[in-house]
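Here is how the chains run, residue by residue.
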Amino acid sequence: MYFSIWIALLVFTFITYKAAFIELGRFNAAVALGIATLKATLVALFFMHVWNASEKLTKLVVIAALFFLLLLLGLTMTDYATRPWS
Amino acid sequence: MPDSYAAGFSQDAHTETHDPALLHHFAEPQQQRDAASLGMWVFLATEIMFFGGLFCAYLVYRRWYFPDFAAASKSIDATLGATNTAVLICSSLTVVLAVWAAQTARRTLLIVMLVITMLLGLTFLGIKGIEYKDKFEEHHVPGASFSFNNVPVPGHPGEYANPKHAQLFFSLYFVMTGLHALHMIIGLGIFAWLLTMAWKGRFTPEWHTPVEIGGLYWHFVDIVWIYLFPLLYLIDRHP
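Here the protein sequences line up with chains E and H, keeping their order.
Per this note's numbering, the very first residue in the first sequence carries number 11; after that it's consecutive.
Per this note's numbering, the very first residue in the second sequence carries number 37; after that it's consecutive.
Heads up, a few of these hints could be off.
Distance condition first, Cα-Cα at most 27 Å in a straight line; then the derived DSSO-like pairs of lysine-lysine [claimed, not checked]:
| no. | chain 1 | residue 1 | chain 2 | residue 2 |
| --- | --- | --- | --- | --- |
| 1 | H | LYS200 | H | LYS236 |
| 2 | H | LYS200 | H | LYS169 |
| 3 | H | LYS236 | H | LYS110 |
| 4 | H | LYS171 | E | LYS28 |
| 5 | H | LYS169 | H | LYS236 |
| 6 | H | LYS236 | H | LYS171 |
| 7 | E | LYS66 | H | LYS110 |
| 8 | H | LYS236 | E | LYS28 |
| 9 | H | LYS200 | H | LYS164 |
| 10 | H | LYS110 | E | LYS28 |
Source of the hints: derived by calculation from the structure; they are not laboratory data.
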């Protein structure tokens, strides 16, 4: 199990690296961040054992941390990304 | 009478059998392990917000000065960055194997995995050092001797990056990778301590909490790098 996750992470790294050199317009960033999120999810769920955490509170802390991170990034960008002069 | 009662009571308390690995305020080993990893996750939540502020600053400036950020990003070595990503992913594998070895009382495997993890961590820092050395030689380190003149913007022939905006990129690059490298150095310290504990045979299937939460820390640092790699190295690479 651990080995298949490891192989998947290496393959995704290779794809990210190769995809960066292909012209995809604005999708370059989307592909790079999408794969990074997929990799981070694999590490958190299986290497950090969030998937089979016996304590529901652990999952709650993980979700709460991500929620506040999205709040930080999301609310900041709703300001900066909608300023007419920028 | 009260004396003998007290003596009997204290004797009872001491002869009461319990798992020496289980602290008194926990009901069972599973609860003790859950409490430790929960505490570590709360710490990691603070770390997410710590790095989150930097990612936020990065996002704002990348939107504002995208062409300059793309040009600056192209000047760092993406192959070294990709290699370092692979190195950290391999170290995450050795960390889960170390945790598994501790859970299943395989002392030799645990020691071997801890050593390999530390070697991979040192490899990462070595490659990082080569990158930093290149940046110093190219005068890409923000400060008095910073120079980023006549660097073309990718995809816009005839346009050149604004050195001031490129300097912002390199400031973020050095603070984010530097903070990440500091976490790696702290991680190596933690793993050196885990190694001495493992060498003394302190970890058992019932109690190996330090290996588990040290592993959580290492994986977290790996996740930060998983995001730093595409954001800093691969902004606009295609010809």
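Going down the list of hints, with the structure as the test:
1. LYS200(H) with LYS236(H): 54 Å, violated
2. LYS200(H) with LYS169(H): 21 Å, holds
3. LYS236(H) with LYS110(H): 48 Å, violated
4. LYS171(H) with LYS28(E): It holds: about 24 Å lies between the C-alpha atoms, which stays within 27 Å.
5. LYS169(H) with LYS236(H): 39 Å, violated
6. LYS236(H) with LYS171(H): Violated. LYS236(H) to LYS171(H) sits at ~43 Å, over the 27 Å cutoff.
7. LYS66(E) with LYS110(H): 43 Å, violated
8. LYS236(H) with LYS28(E): Judged against 27 Å, a Cα distance of about 45 Å means the pair is violated.
9. LYS200(H) with LYS164(H): It holds: about 24 Å lies between the C-alpha atoms, which stays within 27 Å.
10. LYS110(H) with LYS28(E): The given pair, whose Cα atoms are some 14 Å apart, holds under the 27 Å limit.
The structure shown violates the earlier hints numbered 1, 3, 5, 6, 7 and 8.
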